[in-house]
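Dock chain C against the given chain G, drawing on the hints supplied.
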Amino acid sequence: MTIRIERLRARHASWGIDIRRFLGPFILAGYGLFILSLFMRNVMQLYINPVYIAPTTLAGAVLVGLAALSFARPSVDACNCEDACGCSDSHTMGLHTYGLLCVPLLLALLFPPRALASFSAIERGPQAAGMTVLHGASSVKRVSLSVNTKTFGMMDWVGALSADPNPRDYQGKPVQVTGMVLHAPGSVPTGYIMVIRYMVTCCIADARPVGLVVRDTSHGALKDNQWVTVTGTMTSASESGQKVAVVAPTKMVVTKSGNPYMY
Amino acid sequence: MAEGRQTGATGTIIGVSKPFSGSTRRHISQQIQDWISIFLGILVEATPFLLLGVVVSAFVHVFVSEDRLLRFVPKNRFLALVPALGVGMLMPVCECGNVAVARRFLAKGVPVSACVTFLLASPILNPVALFATATAFRYYPSMVWLRGGLAFVVAALVGLMIGQWARGEQVLASGLLGSPELHLDHDHEHHHHHGDPGRGLVSRLTAVGNQAGNEFMSMMQVLVIGAAVASATQVVIPRSAITNLGTGVVLAIVAMMSLAFVLSICSTVDAFFALSYSNLFPIPALLAFLVIGPMISMKSVGMMLTAFRPRVVLALVALTTELIFLSALILNLRGQVL
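Taken in sequence, the protein lines are chains G and C.
Here our numbering is used: the first residue of the first sequence is 477, the next is one more, and so on.
Here our numbering is used: the first residue of the second sequence is 6, the next is one more, and so on.
Hints are computed from structural coordinates only; laboratory data are not their basis.
Be aware that one or more of the hints could be misleading.
Taking beta-carbon pairs under 7 Å as the criterion, some of the chain C residues facing chain G (in silico) [stated by the list, open to error]:
#1 38
#2 48
#3 205
Take a look, some chain C residues computed to stay more than 10 Å from chain G by CB distance [what the hints assert, rightly or not]:
#4 147
#5 178
#6 206
Ideal placement from N, C-alpha and C gives every residue a C-beta, glycine not left out.
So here's chain G without its partners, still in its complex pose (with noise of 0.2 Å):
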């Protein structure tokens, strides 16, 4: 009976070492794996700046690289190491240790990459172009007659504007922006609804939402996250004593959610 439990024992301390031993390997592998998938997928940028991709791409594929060399490399035994100095270190992490690190792993599996939506603007607070000073937007194309304003995107209208927040100077000029619909009530004129983007410089818990002030001609049927797309022109309209710079819309059509962000 004795002998048997300490077979048993043996046997279950064997399973021990082998589980640790494949766990960390394991572990690398998903983290470098999940980073290639999302490469693969054209999903990182959801994540982080495009700049990023490339080393963060290198990254995963060395992960997915080293967890290979640790699968090939002999067992704590096998090596004989007592103090295990770099080969045998993974038998001293914890059970829990994994579990925490397979956590991010889970998440990434069960839900599939996503944009930030409305929520996330209100909470760090939407900064409407021309209503405040927007630093950080890298394109800024000043606006003068020469500059054909129907081809402006987001970005260029909020370099614009932030440049020059005049909107006596961009009186009648045309706009065709898409963006993520957003009520902010203590952010804009009564009446006035924004389309936001969300600036990113390096990943998304930079994520500064930015966007345009459009008369809502909605009379608020459009919500929250809806995306849209406005054709308009730039006018004007008062905010606390100030004449800020607004889109008046000749056309509001619901398209397609796509990337909010802006790099």
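Chain C only, in chain G's frame:
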């Protein structure tokens, strides 16, 4: 559209008899979904920097012996800071990567003051972070030397103070002290992974790979916790709750320092973020944001605990915060940067 309004109204009516109304459920659901997105975003973004840090650390571990490393570190505690700052300037990584390297230096017997200085200064004094600051603050070029200078002073002072207060094993995290991955005892018999000329290059590179993989996981576990807390804070606390603090200079500095701690933004891009608050806060508050963020944040404090004992981390956080706050306040009072 009318249908949409009907649904919303029904949701509200149902909500009377249920513990959570439809809008509350939607709110919680969006909160959780955005938390997951931000959480995974931080991890994905940090991975290459963390990996670079652990690979550098593993190379130092395997290829550089303690003796060789210590030959570059002067005995004088003030001069010992010079190589620490020099190495920091050459490491184009943010705070995610440099903790692993600082851990390695500690384990190799580099003085605590030099390790702390390296840890605090390198995310700011590296060329990528300084270039990003110069690009973002084109309208205020002095921000580059103000940021670099303050980071230098704070890192050196905190390093010297921590080094004076506690030495060697007194500061090391218990996990690091007992960990077989690191070697405090230079007399042990297991030299084959670090600097043994008898080992072939392939086996040493294999050791680098194994070491980097192990270290990546041990750093990743704290990064996961830090990222989870930082992203949860982002979806739970409205940003206006922090920024509305900043009515006076003192509160503005406190607000921006709190924001930096909560947001845990990478040091190579935080200048662009700070810029978006330049219309709300004075320059000293922005400077405090730019200096404290890379040194102390929700993300990095957890990682520091893998290298230092909790009371050392506490002292490090307190000293760094105090020094940055006082410096920003003095700069503001002297009117030099307004």
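(message) Please verify that the nearest CB of chain G lies beyond 10 Å from residue 206 (chain C)'s CB.
(response) Consistent with the label, residue 206 (chain C) stays out of reach of chain G, its closest Cβ about 15 Å off (over 10 Å).
(message) Restraint: residue 205 (chain C) near chain G, CB-CB cut 7 Å. Satisfied or not?
(response) Violated: closest Cβ of chain G sits about 15 Å from residue 205 (chain C), beyond 7 Å.
(message) Using Cβ atoms and 10 Å as the threshold, tell me whether residue 178 (chain C) really stays out of contact range of chain G.
(response) At roughly 13 Å from the nearest Cβ of chain G, residue 178 (chain C) sits farther out than 10 Å, so the non-interface label holds.
(request) Verify the interface restraint on residue 48 (chain C): the C-beta must sit less than 7 Å from at least one C-beta of chain G. (result) holds (6 Å)
(message) According to the definition I'm using, a residue is off the interface if its beta carbon is farther than 10 Å from all beta carbons of the partner; does residue 147 (chain C) meet that for chain G?
(response) holds (16 Å)
(message) Restraint: residue 38 (chain C) near chain G, CB-CB cut 7 Å. Satisfied or not?
(response) holds (6 Å)
Hint compliance for this structure: hint 3 is the single one not met.
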